[in-house]
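Generate coordinates for the entire structure from the input sequences, incorporating the hints supplied.
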Amino acid sequence: MTLWWIGNVVLLLVIVPVVVILLRGVLNAAKATSGTVDALRPVAEAASKDLDAVELLNTTQEQVSQTVAVVANYGGSLDTILEDA
Amino acid sequence: MEPAAVVTLIAVVLVILALVVYLVAVILELRKITAGLDAVIESVGGIVSKSKPVNGVVESINKDLSAGTDLLEGLLEKKAGKDDAAGLVESVFPGAGAAVLERQGRTGEVKNIDEVYTRGALQLARLGRESPLGAGPVSGAALRDPTNSSTAARSLYSHPGSPVADEPGGPSHQPRSPTIGAEAPADGDSASDKSKASDGE
Numbered sequence: 001m002t003l004w005w006i007g008n009v010v011l012l013l014v015i016v017p018v019v020v021i022l023l024r025g026v027l028n029a030a031k032a033t034s035g036t037v038d039a040l041r042p043v044a045e046a047a048s049k050d051l052d053a054v055e056l057l058n059t060t061q062e063q064v065s066q067t068v069a070v071v072a073n074y075g076g077s078l079d080t081i082l083e084d085a
Numbered sequence: 086m087e088p089a090a091v092v093t094l095i096a097v098v099l100v101i102l103a104l105v106v107y108l109v110a111v112i113l114e115l116r117k118i119t120a121g122l123d124a125v126i127e128s129v130g131g132i133v134s135k136s137k138p139v140n141g142v143v144e145s146i147n148k149d150l151s152a153g154t155d156l157l158e159g160l161l162e163k164k165a166g167k168d169d170a171a172g173l174v175e176s177v178f179p180g181a182g183a184a185v186l187e188r189q190g191r192t193g194e195v196k197n198i199d200e201v202y203t204r205g206a207l208q209l210a211r212l213g214r215e216s217p218l219g220a221g222p223v224s225g226a227a228l229r230d231p232t233n234s235s236t237a238a239r240s241l242y243s244h245p246g247s248p249v250a251d252e253p254g255g256p257s258h259q260p261r262s263p264t265i266g267a268e269a270p271a272d273g274d275s276a277s278d279k280s281k282a283s284d285g286e
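Top line first, the protein sequences correspond to chains A and B.
The numbering of the first sequence is the numbering used here, which starts it at 1 and goes up by one.
The numbering of the second sequence is the numbering used here, which starts it at 86 and goes up by one.
By construction, these hints were calculated from the structure, which means they are not laboratory data.
Fair warning: this is a prediction, and the values are worked out from it, not measured in the lab.
Check the hints yourself; a few may be wrong.
[Said to hold, decoys possible] With a straight-line Cα cutoff of 20 Å, these simulated PhoX-like cross-link-like pairs (lysine-lysine) come out:
1. B:Lys137 x A:Lys31
2. B:Lys137 x A:Lys49
3. B:Lys148 x B:Lys137
4. A:Lys49 x B:Lys135
Okay, structure coming up:
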């Protein structure tokens, strides 16, 4: 009977608080993760919006190709009118 | 029932209650997290799909630009010579002359061109239809004043300053293209204007 009471005391004063502390830790971590995910959403949306201009790279690519072609033609003309070293 | 059994039952019920309350709260939080991640993953998917073609396009642009750079450097080497080409690039883009030497497969010190590339100025002046410097061939006797040749060359430029200010706190200018030819600005201090004026006298 004495051991039973000792077991009851241990259960109430040690096991129950430890279980509560551990569960509270898990709950706090989950709440912190939830807040971080909420903060992540607008950032991801803004990053996605910032990348809208990436489509313009295709135009840049075409412009660079045309510019290099013009420079090549201009270089050919320079090659003709300027003397070699 | 014995009091010890009652206390044991109460303790066990307390543990189970704590488990239920906290686990339900954790489950609710995890559902919130899942919903949030579902929203985030849409934006992340957008980022991935939008940035997917970037590598290919940028590589293509770099390839075109490299071809243009090679072309212009080749032309510069052909027209100015290897030493002068590196020096000219260095004069316009400080520090880039060494890279030109490296691409030429050479090492050493980059030639110092200074502010005015006399040979280039002479060639450009020769192209000016009304420029007295353009009246004669590049080879042969000197067409410029041998005593004040630097002054004459500098006068071809609309900003005859130097990258270093002439006086403390004074203005500094990078050399500009010579103001010569039929479309040269009328208010420029080009040599051709001065020469025309002197010819008129």
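(message) What's the verdict on Lys148 of chain B and Lys137 of chain B, does the C-alpha distance respect the 20 Å limit or exceed it?
(response) holds, 18 Å
(message) Between the alpha carbons of Lys49 of chain A and Lys135 of chain B, is the straight-line distance 20 Å or under?
(response) holds, 10 Å
(message) Check whether the Cα positions of Lys137 of chain B and Lys49 of chain A lie no farther apart than 20 Å.
(response) holds, 15 Å
(request) With a cut-off of 20 Å on the C-alpha distance, tell me whether Lys137 of chain B and Lys31 of chain A pass. (result) violated, 34 Å
Checked against the numbered hints given earlier, this structure breaks only hint 1.
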